[in-house]
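Both chains come to you apart, so use the hints to assemble them.
Here's the letter readout for the chains.
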Amino acid sequence: DAKTTQPPSMDCAEGRAANLPCNHSTISGNEYVYWYRQIHSQGPQYIIHGLKNNETNEMASLIITEDRKSSTLILPHATLRDTAVYYCIVRPQGSSNTGKLIFGQGTTLQVKP
Amino acid sequence: EPEVTQTPSHQVTQMGQEVILRCVPISNHLYFYWYRQILGQKVEFLVSFYNNEISEKSEIFDDQFSVERPDGSNFTLKIRSTKLEDSAMYFCASSDFLRGARDTQYFGPGTRLTVL
Chain G
1 DAKTTQPPSM DCAEGRAANL PCNHSTISGN EYVYWYRQIH SQGPQYIIHG
51 LKNNETNEMA SLIITEDRKS STLILPHATL RDTAVYYCIV RPQGSSNTGK
101 LIFGQGTTLQ VKP
Chain V
1 EPEVTQTPSH QVTQMGQEVI LRCVPISNHL YFYWYRQILG QKVEFLVSFY
51 NNEISEKSEI FDDQFSVERP DGSNFTLKIR STKLEDSAMY FCASSDFLRG
101 ARDTQYFGPG TRLTVL
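Chains as they are written, first to last, in the numbering used here: chain G, 1 to 113; chain V, 1 to 116.
One or more hints might be untrue.
Within a straight-line C-alpha distance of at most 25 Å, the following computed DSS-like cross-link-like pairs (lysine-lysine) qualify [unchecked claim]:
{"#": "1", "chain 1": "V", "residue 1": "K78", "chain 2": "G", "residue 2": "K3"}
{"#": "2", "chain 1": "V", "residue 1": "K78", "chain 2": "V", "residue 2": "K42"}
{"#": "3", "chain 1": "V", "residue 1": "K57", "chain 2": "G", "residue 2": "K3"}
{"#": "4", "chain 1": "V", "residue 1": "K57", "chain 2": "V", "residue 2": "K42"}
{"#": "5", "chain 1": "G", "residue 1": "K69", "chain 2": "V", "residue 2": "K42"}
{"#": "6", "chain 1": "V", "residue 1": "K78", "chain 2": "V", "residue 2": "K57"}
{"#": "7", "chain 1": "V", "residue 1": "K42", "chain 2": "V", "residue 2": "K83"}
FYI, nobody ran anything at the bench for these hints, they're computed from the structure.
Chain V with its partners taken away, still in its complex shape (with noise of 0.2 Å):
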């Protein structure tokens, strides 16, 4: 079965550094997300991506993140300069079909981000 991978599973960066989380969505999806979990918090939405472009994003995706779809297959997320509160799992999802009632989120495993 088609699934969402993540890359890397754990990511140990110094406060003020620039990491890139990676995900590959499902082969036929058009539409991609990426939310994040703080530890023992709700999972947060934070971008949604459609056409090559930002469809919509919350307060928490600031200008130090951006999204990125560079070739056909992967979904980036970086982070330019991060912050220790920026720890957390990020989780990536996407989905084939929005506004209809087969509009379903396939999530990746996350990567977990530890800002020290």
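For reference, chain G alone in the conformation it holds in the complex (with noise of 0.2 Å):
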């Protein structure tokens, strides 16, 4: 599985947009880029994830370059209950997917009012 990297914290102030950057170099042709956070030890809880195309729910967007070699999360409008570790993953699909998910240490988004 292709590694991620991502910086370790980032604050953002309430109601700006956090933009999350990550790198994920030697992702490869099938490889999906998935992100979770966890909110205080809770369980991890799933945000988003594409291949190539730009994504948007009612969560965030995600922004994957078009070499696909780093992608951005952005949480357009960051409150307090945003703060929480976000993890990038990169899985592949298809034949390949066995349905683990790889967590790094994440980026630790503390937002501030």
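Here's what the structure looks like:
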């Protein structure tokens, strides 16, 4: 599985957009980029995923660069409840996907009033 | 909204004792997982389960661990003889689809296991 690199921590002002970067320079063609978050030792929560096109849902937007070597998760209007550890995970699809998620250290996002 | 549930929320046991952690996955899901997180460390994959058998297990999942789906709703993790280093938060997860764009895992709230 491709490895990911994320900054260990970031701050964001409440109401502002939070932009969380992830580097996955060794990603291969059949691998998706997934984002999960973990709020204070709760179970990880799925946010969004994508292959090569930008994606948006009710929680966030995912911007993947054209070469797919990096991506950015955008929380458009961060609230205090978005304070969490955010994980960027690269996973293969197709027959090589065994289902497991490999979590790194993630980025601790602190949203401040 | 459907959710994964886990019981108990906190389990305290003596070293060497057997524990069973219970999970009720989302009802129409077919793929089940256990992960653990030692305090202050990463979430680690333990095992995946599909069609009543283990699909994949990690190095952590040794002979002391076993999983079972005893009926149509529960999914259990058993640790036969607990060690101090088994103290961790254990998360159950389930998904309804593998190998596709809809493959997302939904996690339960976790069981905190404390081994004394």
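Exercise for the section: Take the C-alpha atoms of G:K69 and V:K42, compute the straight-line distance between them, and say whether it is at most 25 Å. Expected result: OK: G:K69 and V:K42 at ~23 Å, within 25 Å.
Handout entry: Proposed proximity, G:K3 with V:K57 (alpha carbon, max 25 Å)
Key = OK: V:K57 and G:K3 at ~20 Å, within 25 Å.
Handout entry: Agreement of V:K78 and G:K3 with the hint, judged by alpha carbon distance not exceeding 25 Å
Key = Given that 25 Å is the threshold and the Cα spacing comes to 31 Å, the pair is violated.
Practice task
Sort out whether V:K57 lies within 25 Å of V:K78, counting only the CA atoms.
Solution key: holds, 14 Å
Practice task
Sort out whether V:K42 lies within 25 Å of V:K57, counting only the CA atoms.
Solution key: Since the Cα atoms of V:K57 and V:K42 sit roughly 17 Å apart, the hinted pair holds (cutoff 25 Å).
Practice task
With a cut-off of 25 Å on the C-alpha distance, tell me whether V:K78 and V:K42 pass.
Solution key: holds, 21 Å
Problem - Pair hint outcome, V:K42 versus V:K83 [Cα-Cα no greater than 25 Å] - result: holds, 19 Å
In terms of the numbered hints stated before, the structure departs from hint 1 and from no other.
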